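*Asks:* Assemble the whole structure, with the sequences as input and the hints as a guide.
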Amino acid sequence: MNDTPYGKIVADGLWYNNAALVQLLGLCPLLAISGTVVNALGLGLATTLTLIASNVSVSFIRNWVRPEIRIPIYVLIIASVVTAIELAMNAYFHELYLVLGIFIPLIVTNCAIIGRAEAFASKHTIPKAFVDGLIMGIGFTLVLVALGAMREAIGQGTLFDQAHLMFGEAARGLTVTLIEDYRGFLLAILPPGAFIGLGLLLAMKNLVDDRLEKRAARRAEALREARA
Amino acid sequence: MRFKTFSSPHMAPARSVNRVMGQVLLALIPGTAAMTWYFGWGVLINVSLAVTVALACEALMLLVRGRALTPHITDLSAVLAGWLFALAVPPLTPWWVTLVGVGFAMVMAKHLYGGLGYNPFNPAMVGYVVVLISFPREMTLWLSPSVIAELNLSLPQAFTAIFAGRLPDGLTWDMITAATPLDRMQTGVGLAHPISEIQTSPFFGYLGGVGWEWIGLWFLVGGLWLLKRRVIGWQIPVAMLGALTLLSGLFWLINPEIYASPLFHVFSGAAILGAFFIATDPVSASTTPRGRLIFGAGVGALVFVIRTWGGYAEGVAFAVLLMNMMVPLIDHYTQPRVFGKTAAGKEG
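These protein sequence lines are chains H and U, in that order. Under my numbering, the letters of the first sequence match residues 8 to 235, in that order. Under my numbering, the letters of the second sequence match residues 34 to 381, in that order.
Just so you know, the hints here were simulated from the structure itself, not pulled from any lab data.
Keeping only pairs whose Cα atoms sit at most 25 Å apart, straight-line, the calculated SDA-like set for lysine to any residue is:
id, chain 1, residue 1, chain 2, residue 2
1, H, K212, U, L96
2, H, K221, U, A101
3, H, K135, H, T11
4, H, K221, U, Y146
5, H, K221, U, L96
6, H, K221, H, A18
7, H, K15, H, L32
8, H, K221, U, R98
From chain U, some residues computed to sit far from chain H (all C-beta separations above 10 Å):
id, residue
9, D108
10, G147
11, A182
12, Q190
13, R199
14, A225
15, I231
16, Q232
17, G282
18, V338
19, Q368
20, G373
Just so we're clear, the structure is a prediction, and the values are computed from it rather than from any experiment. Here a beta-carbon is modelled for each residue, glycine too, at the ideal position from N, C-alpha and C.
*Replies:* This is the structure we're talking about:
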C-alpha cells in the first residue's frame, strides 16, 4: 500500500476521489459555510491545515498504534489539531473566526479528515501523507470556494465580499460587484441554495467524467481501426 | 335486480395527457376570470407571460435534452404549470419575478428530474415558493379588490407596472396595494385583536375576504366540473378541504376570537384552488385511493397549521410541497390488494 505514486495522490485528491464531489464527505461545513467566497476560503484553508497536521501525525505514529485503539487516537489527534487552529484563528483572524463560529470546532467531525487518517495516512510514509493531506484539503477548498462563488454571485451579485476579514484592511477593495443594483436572490444564500448548488456541481463533474470517458473510448476505437 | 348493460363496443373515452390538461385549463377559466374582475388586467398579463415563459423553457430543455419537441410541448402541461404559477403570484408581479419563478419551475423542478411524469414536486408550486422566499417584498404587493379599491389600473397601466415597474403619475404602491385577508387575520391575531373586531374591516366579506370568496367559489365551480368529468378523483379535494374544515372548526369552537372560522379558512387564499387544481396534480400527488385521502388530509392539516402558527399567512404551496415529499412513503404503505393475492402480497 505504500507505493501510491505522487501523481496519483494529486489526481485523486483534486478530481477522481475529491473529498466533496466523490466521497461526499464533510457536507455539513460545505453546505453551511459556502455562503460567500471569503467564508468558504477561510474554512477550506482551516480544514486543509487540519488535514495536513493530522495526516502527518497519524503517519508518524502508524507503526506504534495498535489497531484496536486506532480510532480514539485519531480522534484525539484531530481534536488537538483543531483546537490549536481554532485558537490561532481566534488570535489572528478574529472577525473571520466570529463569522465562521461553531464550524471551526466542528472541523473535528468532518469525516474527510478521519477518513484520510484511516484510509491513507495510517498506511503511508510521512511525505506521502503530507502530500495527500495537502491535496485533499485543496480539493475540498476548491469545491467550497466554487460553491461559495456560485452562491455569492447569484445571491447578492458580488464576489469576495468582506475580503478584509481574511486579508486585512488593504483587501477591502477586492470586492467585485458583478451586477449594480442587484436585488439579491435570497434562495441562493439560504440553505436550499447550498443543496441545489452542490447538486449542480456534482452533475457537472459527472458530465465532464462522462465526456472524458466517451472521448477515451472513441480514441481507443480509432486506434484499433487504424491498426486493423 | 337488473343491471342495465350497454351493448358493445364498450369504448372508454380517449384519455390523453393533453386532453386531461386541456380540461383542467378549461376549468381554470371561471376562477381566472373572477380574479381578473377583482384584481385587474395584471392577472391576465401574468398568465400570458407565465405561459409564454413556461413554453419557452420547456422547448429549451427539450432541445438541450435531445427530445422531440412536438409530443411534449403540445401536451399543455407547461401551459398549466405557468398558468397556476401566475394565479399564485400577486397581480402586478414584476416580469422578472415570473421569469425566475417559471424558469426555475420548468428547468429545475421538472426537467432536471426527468420531465413530465418524473417530477416529485409540483413544478408550479416549487417556482412560487422560490420567488416567495427570494423576493418577499414583491410577493406582498397584492392589490385591493376592485370593488372596494379607489382606483383601478387600465390595461396599459398594468402593462407598464409589470414590465417597467412604473405606476401612473401620482400613484404609489402604498395607495393601490393592500394586505390579503389572511395577512390581516394573522397580523391582527398576532396583535391580540379579537377576530370579531378584525372582521369589521371592509376587506372581509361574508365567507372570506371581499373578492376572494367569489374567486374561491368560481374555482369551486371549475373544480366540481373536473370531478364530474372524472378528470380528478374526489379523494384529494374532499380530504384536503375536510381536514382544513375539521381542524379549523375544532379550534374555532374552542375559541372563536383567536381562531378564524372554517368558512374563512376554506374561502380565503388558495385553499379551493389548491384542493382542486394544485394538490390533484397526477404526477406529484399520491396515486393510490387511500393514499390520496392521506395526502389530501395532510395538505389540509398543514395549511391550517402554517396559517395559524406559521411565519407565512398562506401555506398551500408549502403544504403541497411537504406532502409531495411524503408521497413515496404513503404510496408504499397504501398499495391496494392485488386480485388473487392476500393483503400481505402472498399468493392467496
